[in-house]
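There are 2 protein chains.
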Amino acid sequence: MAKASSSLSYESLAIGIDIGGTGTKYGIVDRNGNVLFSGEMSTRGFAQVEDFIDELHNNLLVLIDKAGGSGRMRGIGVGAPNGNYYSGTVEYAPNLPWKGILPLAKLMQNRFQLPAILTNDANAAAIGEMMYGAAKGMKDFIMITLGTGVGSGIVANGKLIYGHDGFAGELGHTIIIPNGRYHEGTGKKGSLESYASATGVKLTAIEKLDNSTESSLLRDVPREGLDSRKVYDAAIQGDRLAKEVFDFTGSVLGMALANFVMFSSPEAIILFGGLTKAGDLILKPTREHMESNLIQVFQNKVKILVSHLKESDAAILGASALVWDMKG
Amino acid sequence: MAKASSSLSYESLAIGIDIGGTGTKYGIVDRNGNVLFSGEMSTRGFAQVEDFIDELHNNLLVLIDKAGGSGRMRGIGVGAPNGNYYSGTVEYAPNLPWKGILPLAKLMQNRFQLPAILTNDANAAAIGEMMYGAAKGMKDFIMITLGTGVGSGIVANGKLIYGHDGFAGELGHTIIIPNGRYHEGTGKKGSLESYASATGVKLTAIEKLDNSTESSLLRDVPREGLDSRKVYDAAIQGDRLAKEVFDFTGSVLGMALANFVMFSSPEAIILFGGLTKAGDLILKPTREHMESNLIQVFQNKVKILVSHLKESDAAILGASALVWDMKG
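Protein chains in written order, with the numbering used here: chain A, 1 to 328; chain B, 1 to 328.
Worth double-checking, as some hints may not be accurate.
Unchecked claim - Okay, the calculated bits of chain B under chain A, using three or more residues with CB under 8 Å as the criterion: (1) 160-167; (2) 176-186; (3) 256-269.
Don't read these hints as lab results, they were simulated from the structure.
C-beta: ideal position from N, C-alpha, C; glycine also.
Construct the entire structure; sequences and hints are all you get.
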């Protein structure tokens with residue numbers, strides 16, 4: 001008994017993996033949310049998902065050794081776009097290079113010889129915020145991740161909403177502007193993600209440059225080098241067109257947030273990811289347009305908070321937090 | 001003890017009240033969901049909410065006497081637009097004649113000398129469906145009421161979502177068409193309710209009549225007499241313009257339902273209320289447009305069901321069901 005108990009406390013680390021459309025972050029986390037070791041690799045350039053997992057395994061083995069070996073690992077928590085908590089599969093993820101239904105949890109489990117559990121990347125982030133971040137103590141909140149794409153995790157009555165089939169919380173794909181901008185990955189028009197993501201900011205900038213003769217610092221940037229960061233840099237230098245890009249992005253995001261508030265009436269909306277670095281450039285129009293689209297009963301009640309977790313940590317933390325809830 | 005126990009079983013009836021924008025339904029219900037006695041009155045024509053409650057009390061007293069007296073009543077459950085489960089208040093309800101914050105549960109409690117509990121009318125309907133109707137056994141579903149307005153009740157993880165402040169589930173006020181049709185009650189533009197309600201169908205018909213010269217049976221209907229029922233009657237007689245009204249209504253509703261599915265991934269959406277009487281005229285375009293706006297992972301999974309509860313009963317049933325959950 002003494003041996004079992006000491007071995008249990010010794011095995012008290014979790015592996016957290018966050019698979020994004022561009023990069024994958026991974027780390028080893030203790031129960032208190034300390035990221036002990038972490039790393040990052042590209043998600044792209046692997047023809048088969050198995051090749052990706054082989055490389056991820058190789059990279060993680062180094063960290064696992066540093067942390068005392070595989071015996072200390074209780075399990076693997078994975079956040080991935082379109083990840084299904086119930087089935088452990090990633091299904092038809094528009095932003096991942098591999099198509100169809102991928103049995104990701106099972107592949108991880110086989111490769112690492114450790115129990116693995118999977119969810120939507122933004123659901124994982126929401127769990128991370130609830131356990132260690134801005135949503136600590138909240139029972140009703142919505143997490144929105146503004147990165148290459150737009151993800152979301154919804155907590156109501158203190159529990160994450162997985163929905164009937166485990167795919168709940170795809171707010172990035174809700175239609176905000178009917179017949180609006182085409183989304184390459186989904187083939188749908190006018191979704192939140194096609195506007196309020198890093199990709200969306202870039203496309204809005206290109207549209208504004210093409211449809212006006214207004215002078216702008218962005219006209220000096222070669223098209224292939226234009227990205228949301230460049231738009232931000234121009235905006236803080238006072239570039240009017242660049243500022244309009246964020247105003248427009250915030251107006252679409254704000255309208256979407258109003259709709260989400262009228263759905264689940266959260267205490268707060270937690271924003272996370274690259275676009276939040278634009279600060280008030282995007283937050284101010286977002287707040288304004290959220291409020292102006294809310295009916296009276298919801299006005300001036302819902303906080304919009306920016307995650308204060310270190311970006312590289314938060315995703316890993318959230319994914320690792322899944323492990324502590326695992327059965328067995 | 002024997003006396004207390006028999007008195008408890010004797011006191012096993014609940015009063016259910018459903019307050020709508022136009023009419024109020026009330027009834028006395030047993031634990032098995034049998035509506036023993038019921039009635040209906042207009043919600044309009046009372047300057048003060050207290051006058052309305054006096055009249056409601058007078059009407060209900062007759063039924064209470066028939067059912068064995070006030071001593072048999074365990075409590076009052078009320079469904080009302082913008083009703084707040086936590087505070088027992090109705091706040092800024094755009095479709096009710098009384099403005100501001102109304103302490104409805106307290107007023108009822110004082111007038112009837114019985115414990116009273118309140119929620120959003122559509123939340124009450126959702127509880128009714130979950131206990132006695134089409135959502136029996138479901139843990140994740142969305143109830144949409146298509147009447148004078150559009151209401152909603154959302155169940156996730158087996159629990160109704162009240163949200164942080166008790167006002168969750170106002171899907172009728174989500175913006176579906178930015179800068180779209182003006183909503184008299186809220187001052188907002190392009191909300192679901194301004195299209196997919198009985199009022200919305202009438203307005204769409206008027207727009208179509210005004211903006212075309214197409215012949216239509218509806219041109220013979222005096223404008224003041226034009227309503228969703230007349231549009232339905234014309235459509236089943238093959239009137240093309242009238243059918244287009246339902247096609248358009250279904251297209252907006254379908255797009256909205258797709259957004260709701262991508263939020264909480266329900267097993268089913270239960271539709272209820274006057275507009276559902278139009279059957280496939282509205283359901284077919286609704287289903288088509290829901291599916292075409294869903295990303296792949298949600299397609300062909302979510303049932304759209306029409307409530308099979310008798311309309312007059314369902315609202316009362318749902319409101320009365322609140323009583324069985326009351327503490328004390």
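Taking a Cβ-Cβ distance under 8 Å as contact, does the stretch 160-167 of chain B have three or more residues in contact with chain A?
Since 7 is at least three, the answer is holds.
Do three or more residues from the stretch 256-269 of chain B put their C-beta atoms closer than 8 Å to C-beta atoms of chain A?
It holds, with 9 qualifying residues against the three required.
Within 8 Å of chain A's CB atoms, at least three CB atoms from the stretch 176-186 of chain B: coverage verdict:
Coverage by chain A holds for the stretch 176-186 of chain B (4 residues, Cβ < 8 Å).
Hint violations for this structure: none, all hints satisfied.
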